[in-house]
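Number of protein chains: 2
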Amino acid sequence: MYLTQGLHRSIQQKPDAIATSYGDRKRTFRELGERVARLASGLQSLGMKTGDRVAMLALNSDRYLEYQMAVPWGGGVLNPCNIRWSAAEIIYSLDDSASTILIIDDAFKPMIERIRAESKTIVHYIYAGEGETPAGMYGYEELVARSYPIEDAVRRGDDLAGVFYTGGTTGFPKGVMLSHTNLCSSGLALLADGFGSASSVYLHAAPMFHLADFGIGVAYWLAGATHVIIPKFDPEAILVAIERDGVSETLLVPTMIQMFLDHPLMQKECNLGSMKTIFYGASPMPEALINRAAQVLPNVEFVQAYGMTELAPLATLNVSCRHPSEAFRRAKQRAAGRAGFCVEVRIVDEAGKEVPRGTVGEVVARGPNVMQGYWGKPDQTVAAIRDGWMHTGDGGYMDEDGYVFIVDRIKDMIISGGENIYSAEVESALSTHPAVAASAVIGVPDADWGERVHAVVVKKPGVTVADQELIKHCKQLIAGYKCPRSVEFRDTLPLSGAGKILKVELRKPYWEGQKRNVS
Amino acid sequence: MYLTQGLHRSIQQKPDAIATSYGDRKRTFRELGERVARLASGLQSLGMKTGDRVAMLALNSDRYLEYQMAVPWGGGVLNPCNIRWSAAEIIYSLDDSASTILIIDDAFKPMIERIRAESKTIVHYIYAGEGETPAGMYGYEELVARSYPIEDAVRRGDDLAGVFYTGGTTGFPKGVMLSHTNLCSSGLALLADGFGSASSVYLHAAPMFHLADFGIGVAYWLAGATHVIIPKFDPEAILVAIERDGVSETLLVPTMIQMFLDHPLMQKECNLGSMKTIFYGASPMPEALINRAAQVLPNVEFVQAYGMTELAPLATLNVSCRHPSEAFRRAKQRAAGRAGFCVEVRIVDEAGKEVPRGTVGEVVARGPNVMQGYWGKPDQTVAAIRDGWMHTGDGGYMDEDGYVFIVDRIKDMIISGGENIYSAEVESALSTHPAVAASAVIGVPDADWGERVHAVVVKKPGVTVADQELIKHCKQLIAGYKCPRSVEFRDTLPLSGAGKILKVELRKPYWEGQKRNVS
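In order, the protein sequences belong to chains A and B. With the working numbering applied, the first sequence corresponds to residues 1 to 519, in that order. With the working numbering applied, the second sequence corresponds to residues 1 to 519, in that order.
Worth double-checking, as some hints may not be accurate.
It does not matter which identical chain is meant; a pair holds if it fits inside one copy or across any two.
[To be verified] Derived pair list, reagent style DSBU-like, types lysine-lysine, alpha-carbon separation capped at 35 Å:
hint, residue 1, residue 2
1, K276, K14
2, K459, K276
3, K377, K459
4, K26, K353
Don't read these hints as lab results, they were simulated from the structure. All figures in this text were calculated on a predicted structure; none of them were measured in a lab.
Here chain A stands alone, though its shape is the one from the complex:
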């Protein structure tokens, strides 16, 4: 299969249906197909050859969807840039992948000069904004208009479809190489689980460079759904789009869902009757939020998806919301879900052997969705994919019904006196103290216990609290051996470009010259 297959299918079966809706701009599948065939041709005229990488640095738009289709149509390989990264990180990913063409919109115009000065590989710039094309760039619309439509190159199967950079929390970003089969199998699995149909209207509210939205988008491309796009997450824009375009499905993260439910417009008589499914990821929904969501949107399914870029991206899907028993739904509510239709998921020990149900180990996955490898990093590829199983680095357990519960990143788990302690659980306890704004719990060396629990805490402004008080607070909530032995106060926590806490930075001074068992 291949990325543009769903577009061809829609052109064959429903050419005059709406394919994309962005602001006041709507296009049918027939029009979209024509534009994609022209843009693909335009990219070739700028030198894109089979397998060449083409980058895009932009907010969401209908043009972003055209980019997703036109690059493979012309035989190229996608490289969607992380819009949250610094210029230095973006330039690293452009040059690492040796992208030669960069499509950029108004939001990132200010970054062009720096990229032009520093990138060693980008040759051509295409301006996909709404204003005048700046000097030294090609205009997106001119390129589409002046190019003669070409036939689809039909790159498919194991051909490389895209290089998706993932920040991680250590070292340089890694380019995840995903094939057409990788992406299509993940998309098809979502359809097989009952999501997406030709009558779906999917809203792209999460950033389109990210594989969460991209991956679900592949499913909706295959399904022949209508794509509604807003530039970026904005609760009001979401409400307006749902009502105007009859949106039925979207993807959000729990904090976005919270903001969306809390929006004043939500209180008014907003007609959200078209909504059927909200996918969410990154973390489980707190119970209070689930209850509130069920109250405000009783007919909407909230479906947790768990995965990673390396899995294109689907590993598990939690559709327990469909189960008739409320007790069952409640028991599975915090689960990441069960293995999707294309992928096998297991929990294994350090030797790769499956552990009994309920025992924490590393979550691993195998299937046609497992990436081809990290771009130019064969050693890291071999370390990540062992015997065909992608090692996620996430610690979790599986219950008797095959539901996976994530407890922590493996390397953030603390082993103290032989007991596993999950930093996430300790942080959750700390977060309930009124003085705590943020916290990071790490394992530091201990002569007696191997490791001991250490908390790094950021206080709320103008509040004072003693370390012993926080430790006492934790003891009321979690077992004694899990509670911090020591607390350190800081003004900020070190964050990665993607906003993840860099625990490796926090641990570094403590472990200088020593080796952790888990690293």
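Since the structure of chain A is already known, use the hints to place chain B on it.
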């Protein structure tokens, strides 16, 4: 992906749910997994090595499903025998595929001596019947009981899963080589179109050796459904099974549906409320039958599937029954359907170029479901798969909504004076005459028109009718140029093992020493 993946998924997620129900015998997924792992081991103990073919010649049973799983589990390749074939044809397919083990049940016990005497490749015989194991054979249940369960060999992706012999209407049977990806992608596509879920109860009433049931079965394996099995088609057994096991989906052919609807038990208060979908194939349902079906089973979807062994097997699926407009449903009722989710379908001319909508050409298909080739027949493989497109040999057209309508086998189409004439249409007209029992319409050489329409007719017993009367009858129903120019009466028509009329035999005497344009 791989054939046993759904079984593993079910063992992980619902080990105590019913996997198979046959007569009074029910087994859970946990039990089934244990038996499959033991049978796989037993087959290895009889010499089955990676890639070796293992044949089964049997009516439907739960053991047939175990065979489907155990052979790939042990690293082998399936070779399900066509139960309608003569001993000579079966022995040909066993030896052609070099199968070394044959599993056989009570129904085919009488054939053993002949196979033993004539097959050059079968070494071991396994008796899977319900009685005493005959001398010189291994007992199926003993093999399962005495073997130690082994781990799944996890043959997958492009690894060969099975060799499925297809009769065709010319020459020797051909072994269609299907990989794990071929079969799983076709199955996943069925799920993606909204069929099959973990709560489905699928009834195997059509013969399990045939890829129609096998292919749909793969989808229900992946879904984690319950499999209910009856030995062979029998309207009463179907009614009993639906009521007793809560069957929700099955596959039948239109003549079976007719017999099923006409059964006296149907008139009584049979509780068929669990039924959701009846797949059917081989031919469209006559309108009278559709109407009757809708009246008797108003809540059941009748879904036409079109495909072939070489497509593992799905090409198109007609789910127009879900369309809200009755006029639309009626217009699409005779269509083979639209391209399934994994496959691309086009109508092309002799040069492989797509023809305009509404124009008849050859139906071709491309996708991960296209077979790897014909076993040991590279020339026929190259002739069938051109530029990645499987040439079905079926003539048809596509309408504006992407629905494919099959008109005739390409080689049975008659070109007379530049006009295309579909033998099926002429035969349909002939069949409405009360004196006609069966007919075959062929093209024979004509000095003026290239070909002319010739009908071979079998009369009903004790009836007389003149050739001119039949021609006159046709003229009332179809255009003059389509009507037979000559009629020949015969006592029988030559049939293939699969019951298809061998038109090539009928044409042969007329074309001796001449070449047809289409052959």
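Hints, one by one, checked against the model:
1. K276 with K14: Result: close both inside a copy and across copies, 22 Å intra and 27 Å inter.
2. K459 with K276: neither (40 Å within a copy, 59 Å between copies)
3. K377 with K459: neither (40 Å within a copy, 75 Å between copies)
4. K26 with K353: Between copies only: 32 Å across, 52 Å inside.
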